[in-house]
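Please put together the full structure from these sequences, using the hints given.
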Amino acid sequence: MTDEQAMYAVSQGDLDKAAILYERYKKSLLNFFLYRQSDRENARDLTQQVFLRMLRYRHTYREGASFRTWVLEIARNVFFDYLKQNPTYSDLADVPDMGESDDETEEQHQYLHNALAQLPDQYREVLLLSRFQNMSYEEIGQTLGLSVANVKVRVFRAMQKLRDLYFNVSSE
Amino acid sequence: MLNEQIITDYLMGHLSEAERIVFEQRLTSDPVLRKEVEELRRVWQDLQNAEAETDDEMDALFYRSLQGEKMLETTIVALKPQPWLTYLKYAAAVAGVAITFWLGRQSAPTQIEYRTITAAPPVQKSIERPQSLPETVVEAVELTNHPKNKPKEETISQQIATLRREMKMTQELVILSLLKDQSASERLKGLNYAAALNNPKPAVIQALIKTLREDESLNVRLSTIETLERFKQTDEVKKVLVNQLTQTSEPTEQTTLIETLVRMRVKESLPIFEQLQKDEKVDRSVRLLAGSGIGELAMITD
Numbered sequence: 001m002t003d004e005q006a007m008y009a010v011s012q013g014d015l016d017k018a019a020i021l022y023e024r025y026k027k028s029l030l031n032f033f034l035y036r037q038s039d040r041e042n043a044r045d046l047t048q049q050v051f052l053r054m055l056r057y058r059h060t061y062r063e064g065a066s067f068r069t070w071v072l073e074i075a076r077n078v079f080f081d082y083l084k085q086n087p088t089y090s091d092l093a094d095v096p097d098m099g100e101s102d103d104e105t106e107e108q109h110q111y112l113h114n115a116l117a118q119l120p121d122q123y124r125e126v127l128l129l130s131r132f133q134n135m136s137y138e139e140i141g142q143t144l145g146l147s148v149a150n151v152k153v154r155v156f157r158a159m160q161k162l163r164d165l166y167f168n169v170s171s172e
Numbered sequence: 001m002l003n004e005q006i007i008t009d010y011l012m013g014h015l016s017e018a019e020r021i022v023f024e025q026r027l028t029s030d031p032v033l034r035k036e037v038e039e040l041r042r043v044w045q046d047l048q049n050a051e052a053e054t055d056d057e058m059d060a061l062f063y064r065s066l067q068g069e070k071m072l073e074t075t076i077v078a079l080k081p082q083p084w085l086t087y088l089k090y091a092a093a094v095a096g097v098a099i100t101f102w103l104g105r106q107s108a109p110t111q112i113e114y115r116t117i118t119a120a121p122p123v124q125k126s127i128e129r130p131q132s133l134p135e136t137v138v139e140a141v142e143l144t145n146h147p148k149n150k151p152k153e154e155t156i157s158q159q160i161a162t163l164r165r166e167m168k169m170t171q172e173l174v175i176l177s178l179l180k181d182q183s184a185s186e187r188l189k190g191l192n193y194a195a196a197l198n199n200p201k202p203a204v205i206q207a208l209i210k211t212l213r214e215d216e217s218l219n220v221r222l223s224t225i226e227t228l229e230r231f232k233q234t235d236e237v238k239k240v241l242v243n244q245l246t247q248t249s250e251p252t253e254q255t256t257l258i259e260t261l262v263r264m265r266v267k268e269s270l271p272i273f274e275q276l277q278k279d280e281k282v283d284r285s286v287r288l289l290a291g292s293g294i295g296e297l298a299m300i301t302d
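Protein sequences, first through last, are from chains A and B. Residues in the first sequence are numbered consecutively from 1, following the working numbering. Residues in the second sequence are numbered consecutively from 1, following the working numbering.
Fair warning: there could be bad hints in the mix.
Said to hold, decoys possible - Pulled from the structure, derived: some chain A residues nowhere near chain B, Cβ distances all over 10 Å:
hint: 1; residue: Met1
hint: 2; residue: Thr2
hint: 3; residue: Asp3
hint: 4; residue: Gln5
hint: 5; residue: Ala6
hint: 6; residue: Tyr8
hint: 7; residue: Ala9
hint: 8; residue: Ser66
hint: 9; residue: Asn86
hint: 10; residue: Gln118
hint: 11; residue: Asp121
hint: 12; residue: Asn168
Said to hold, decoys possible - Cβ pair distances, simulated, as ranges:
hint: 13; chain 1: A; residue 1: Ala149; chain 2: B; residue 2: Glu38; range: 56 to 62 Å
hint: 14; chain 1: A; residue 1: Asp121; chain 2: B; residue 2: Thr246; range: 23 to 29 Å
hint: 15; chain 1: A; residue 1: Ala149; chain 2: B; residue 2: Ala91; range: 55 to 61 Å
No lab work stands behind these hints, which were simulated from the structure alone. Think of the CB as a built atom: it goes at the ideal place given N, C-alpha and C, for glycine as much as any other residue.
So this is what it looks like as structure tokens:
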């Protein structure tokens, strides 16, 4: 069953199909939030809010529309609301709590997170969409209002910038 | 294709076999390019490895919420006007007409019996009184041929149409009343019903416009924007959405309005997008979105 078929079933009242979508998207959404703010607890809450809104606004889903793009719009709105309610939020100042991991992995996460924290928003977003949402260039373009060619260029520049920051941070 | 695009496609594995071979040949002959690609590949892989895992507590929370939502759905379904219930009403109306007609026939058994006898001659528009038949039979023939006594299909369709009109009117009244409710969740319920309407009355559209302008709940306003977008996009609705964009300072609402106006291809929103893009007090993501909206709308030709 595709994401779109599952979501359409949910919109028609078959709420059990929401579990399929939750299992498919929980990890990518958790990471999406974890790399936009540092607290794991918050990331978990924000992920829950996305699925709650998905259920609550299921009637607004239109048959055939890309589910990934639709749910990501919800995730972005949830994050905007979070920013609004937390005006003192200091972006990505801290290293995220990734759960259990060994020292080396944790150190690597720390470098990467620091590097990501220093990326301009537009670059960070395109990387998160591409990596953690597994979105195609077309879907990213649709979400951010860019052409496919521009998405590719932005992904490249984001990776270049991330590389420079990452190697600088890890060599400090 | 630009170098940047080729490298991105190569790292993501999006190049065709032929393109990949050509590009790898370039890599062997160009050490600077090779170094760059290798470094980028490492960053990309590290980013892939840096993915956090979910946990059982998170799952438990979701499944509890889902259970709650299912219970809520059961309650709402019980309250909602169901389509089958509508059909049941039509069926009841049809059955009522049929039963009345049948009872009418049953209450005149002699007439029906005599009608069978007189059915042999061809049906005539004006009936002459046959000499051999008693008066009662003739009266029966006249009665059964009278246009008033014929079952009229058009009457049934008229009744169904009336019922349908009444149902729609009731739905619209319920929506109008829900939109005025103090509870935001009731207003959202009203919006859900409104979204299911086809071609709603101007009164419903006006109530939606009022809700968008005046409702204090952000969620209700967001849902109103989505509902308005579903209906016939009149100039008035477009104007209202553009106006709302000038009034609100909520980033979520601004984002939804910009995306909606771009989807509706409302070129009149361009000056507002430009203002937002320049205004440093506006949320950064909204400004970026306004910028990309300008680009999209500017490409639309009248």
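Item to check | Distance rule for Asn86 (chain A), whose beta carbon must clear each one in chain B by more than 10 Å | outcome: holds, 13 Å
Item to check | Least C-beta distance between Gln5 (chain A) and chain B, which was stated to exceed 10 Å | outcome: holds, 18 Å
Item to check | Minimum Cβ distance from Met1 (chain A) to chain B greater than 10 Å, as the annotation requires | outcome: holds, 17 Å
Next on the checklist: Does Asn168 (chain A) clear chain B by more than 10 Å, comparing its Cβ with all Cβ atoms of that chain?
Outcome noted: holds, 12 Å
Checklist entry - Is 56 to 62 Å a correct range for the gap between the Cβ atoms of Ala149 (chain A) and Glu38 (chain B)? => result violated, 24 Å
Item to check | Nearest-CB test (10 Å) between chain B and Tyr8 (chain A) | outcome: holds, 15 Å
Checklist entry - Is it the case that Ala9 (chain A) keeps its Cβ farther than 10 Å from each residue Cβ in chain B? => result About 13 Å separates Ala9 (chain A) from the closest Cβ of chain B, which puts it past 10 Å; holds.
Item to check | Status of the given 23 to 29 Å range, CB of Thr246 (chain B) versus CB of Asp121 (chain A) | outcome: At roughly 25 Å between Cβ atoms, Thr246 (chain B) and Asp121 (chain A) fall inside 23 to 29 Å, so the hint holds.
Item to check | Beyond 10 Å from every chain B Cβ - status for Ser66 (chain A) | outcome: holds, 14 Å
Checklist entry - Is it the case that Asp3 (chain A) keeps its Cβ farther than 10 Å from each residue Cβ in chain B? => result holds, 17 Å
Checklist entry - Should the hint that Ala149 (chain A) and Ala91 (chain B) are 55 to 61 Å apart at their CB atoms be regarded as holding? => result For Ala91 (chain B) against Ala149 (chain A), whose Cβ atoms are near 58 Å apart, the range 55 to 61 Å holds.
Next on the checklist: Just want to verify: Asp121 (chain A) was marked as not at the interface with chain B; is every Cβ pair farther apart than 10 Å?
Outcome noted: violated, 6 Å
The structure does not agree with the numbered hints 11 and 13 stated previously, though it agrees with the rest.
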